[in-house]
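J.: The opening position of the sequence shown corresponds to residue 1197 in the numbering used here, with each subsequent residue numbered one higher.
Where hints are given, some of them may not hold.
[Stated by the list, open to error] Derived DSSO-like pairs (lysine-lysine); straight-line CA-CA distance at most 30 Å:
| id | residue 1 | residue 2 |
| --- | --- | --- |
| 1 | 1265 | 1304 |
| 2 | 1226 | 1275 |
| 3 | 1275 | 1347 |
| 4 | 1226 | 1304 |
[As the list claims (entries may be wrong)] DEER-style ranges, computed between Cβ atoms:
| id | residue 1 | residue 2 | range |
| --- | --- | --- | --- |
| 5 | 1352 | 1236 | 18 to 24 Å |
| 6 | 1211 | 1315 | 26 to 32 Å |
| 7 | 1345 | 1225 | 27 to 33 Å |
| 8 | 1313 | 1226 | 25 to 31 Å |
| 9 | 1240 | 1344 | 26 to 32 Å |
| 10 | 1229 | 1207 | 32 to 38 Å |
| 11 | 1272 | 1349 | 31 to 37 Å |
| 12 | 1343 | 1230 | 37 to 43 Å |
| 13 | 1276 | 1320 | 30 to 36 Å |
By construction, these hints were calculated from the structure, which means they are not laboratory data.
Just so you know, even glycine gets a beta-carbon here, dropped at the ideal spot from N, CA and C.
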Amino acid sequence: MIKIDIPGRGPVNIHNVIFDYNGTLALDGKPAEGLKEAFEVLAGRVNLYIVTADTFGTVKNYFKDIPVKVVIINSDCGKTFKKNFLTKLGSEKTVAVGNGRNDAGMLKESCLGIGIIGPEGCFAGIVNACDILVTSPVHAIGLLLNPDRIKATLRY
1197 MIKIDIPGRG
1207 PVNIHNVIFD
1217 YNGTLALDGK
1227 PAEGLKEAFE
1237 VLAGRVNLYI
1247 VTADTFGTVK
1257 NYFKDIPVKV
1267 VIINSDCGKT
1277 FKKNFLTKLG
1287 SEKTVAVGNG
1297 RNDAGMLKES
1307 CLGIGIIGPE
1317 GCFAGIVNAC
1327 DILVTSPVHA
1337 IGLLLNPDRI
1347 KATLRY
């Protein structure tokens, strides 16, 4: 568990992190450099989930040796699927990380929404749906591993 005292919100106990895959963790189905190592460290603190339609069919192979649960979206509406998955885990104890239109709902409803503006770009609505924007998934994980960064960014 990761404990963060978010300015203006109070203490949050994070038990889970949900990641989108393509555009968030990966470009054209290939994960960002340094991601596996960062995941291994983060997995020692929280439960990790990748929720994806897996457009390129690569996610399970890349993360087979990493302690992360891969959930393939089996629905035509990824937005609804992701938001429902967040609700099942408990939005008050789950961080969401994403870049796409179908991530906006889970970003907004999670206890902390982190948007990624990477090489694929991001849905413009992400800016209003999340708490923090970063430029790589490794930076997002760095925030969670160093909670004082979150406090500094969200301070009034």
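J.: Flag every earlier hint the structure violates by its number, smallest first.
T.: Hint check: 5, 8, 9, 12, 13 fail, others pass.
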